[in-house]
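Student: Here's the letter readout for the chains.
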Amino acid sequence: KQEVTQIPAALSVPEGENLVLNCSFTDSAIYNLQWFRQDPGKGLTSLLLIQSSQREQTSGRLNASLDKSSGRSTLYIAASQPGDSATYLCAVTGTASKLTFGTGTRLQVTL
Amino acid sequence: EAGVAQSPRYKIIEKRQSVAFWCNPISGHATLYWYQQILGQGPKLLIQFQNNGVVDDSQLPKDRFSAERLKGVDSTLKIQPAKLEDSAVYLCASSSLAGNVNEQFFGPGTRLTVL
Numbered sequence: 012k013q014e015v016t017q018i019p020a021a022l023s024v025p026e027g028e029n030l031v032l033n034c035s036f037t038d039s040a041i042y043n044l045q046w047f048r049q050d051p052g053k054g055l056t057s058l059l060l061i062q063s064s065q066r067e068q069t070s071g072r073l074n075a076s077l078d079k080s081s082g083r084s085t086l087y088i089a090a091s092q093p094g095d096s097a098t099y100l101c102a103v104t105g106t107a108s109k110l111t112f113g114t115g116t117r118l119q120v121t122l
Numbered sequence: 002e003a004g005v006a007q008s009p010r011y012k013i014i015e016k017r018q019s020v021a022f023w024c025n026p027i028s029g030h031a032t033l034y035w036y037q038q039i040l041g042q043g044p045k046l047l048i049q050f051q052n053n054g055v056v057d058d059s060q061l062p063k064d065r066f067s068a069e070r071l072k073g074v075d076s077t078l079k080i081q082p083a084k085l086e087d088s089a090v091y092l093c094a095s096s097s098l099a100g101n102v103n104e105q106f107f108g109p110g111t112r113l114t115v116l
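Chain order of the listed sequences is A and B.
Be aware that the first sequence starts at 12, since it is given in the numbering used here, and climbs by one per residue.
Be aware that the second sequence starts at 2, since it is given in the numbering used here, and climbs by one per residue.
Incorrect hints may appear among the rest.
Taking lysine-lysine pairs in the BS3-like style, the calculated list, with each CA pair at most 27 Å apart, reads [said to hold, decoys possible]:
#1 B:Lys45 <-> B:Lys12
#2 B:Lys45 <-> B:Lys79
#3 B:Lys16 <-> A:Lys109
#4 A:Lys12 <-> B:Lys12
#5 A:Lys79 <-> B:Lys45
#6 B:Lys72 <-> A:Lys12
#7 A:Lys109 <-> B:Lys72
#8 A:Lys53 <-> A:Lys109
#9 A:Lys12 <-> A:Lys109
#10 A:Lys79 <-> B:Lys79
The calculated label-pair distances, taken between Cβ atoms and stated as ranges, are [as the list claims (entries may be wrong)]:
#11 B:Pro62 <-> A:Asn74: 32 to 42 Å
#12 B:Gly41 <-> A:Gln92: 42 to 52 Å
#13 B:Leu71 <-> A:Gly27: 25 to 35 Å
#14 B:Gly29 <-> A:Gly27: 15 to 25 Å
#15 B:Gln81 <-> A:Arg72: 37 to 47 Å
#16 A:Gly27 <-> B:Ser28: 22 to 32 Å
#17 A:Ser64 <-> B:Lys45: 39 to 49 Å
#18 B:Pro82 <-> A:Asp78: 28 to 38 Å
#19 B:Pro62 <-> A:Glu26: 41 to 51 Å
#20 B:Gly41 <-> A:Asp38: 22 to 32 Å
#21 B:Asn52 <-> A:Ser63: 38 to 48 Å
#22 A:Val31 <-> B:Leu85: 18 to 28 Å
#23 B:Gln60 <-> A:Ser64: 23 to 33 Å
#24 A:Thr37 <-> B:Glu86: 40 to 50 Å
These aren't lab readings, by the way, just hints derived from the structure by calculation.
Virtual Cβ for every residue (Gly too), placed ideally from N, Cα, C.
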């Protein structure tokens, strides 16, 4: 059974800092990995999707890497802003396109 | 392109009452998912439809939960009767492929509170 773990559970950083969120998964037989953002009381917004054959994806200040063999992914956020404050969820797609989520990292960027 | 629509956005009911949620996926998306997200946890898949057929409902509590997607477009999720532990956000998502490289797009969710 696939299990996804995210560390840390919560993180508070001052504005302008670069930061890294971590995600690990137990079964390396995945087809892709997605990073989502969730604002309080809202749905999920897809940030980046990395196919299993890829090593990383970039979108603006966000960079996600994938090491499938070790079961790890990182989300790097450059020059953090207060608007980046949200919960970040990692999810992996396994067989039958089933998505398994981690419990998320709650990020707060302070002024 | 319009996103995934869900209604209602919020619902408060008493235990043992019934409730229904509605989802309209992105146009053309054949695959539709319902997730339950309990506070502080990641979303958990309840049921997956491919067109109007069920692909996976292994984690759906079938004694009280039911879902349908009659015409392969809109879907409804029903809880009858509700329990306190059903308090959660119910998320609907859709994707354009049933294969393993699909990207899922989520709606805003319905926050259910059971008193």
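Student: Which of the numbered hints are not met once you compare them with the structure shown?
Tutor: Hints 3, 4, 6, 10, 12, 13, 14, 16, 17, 18, 21, 22 and 24 not satisfied by this model.
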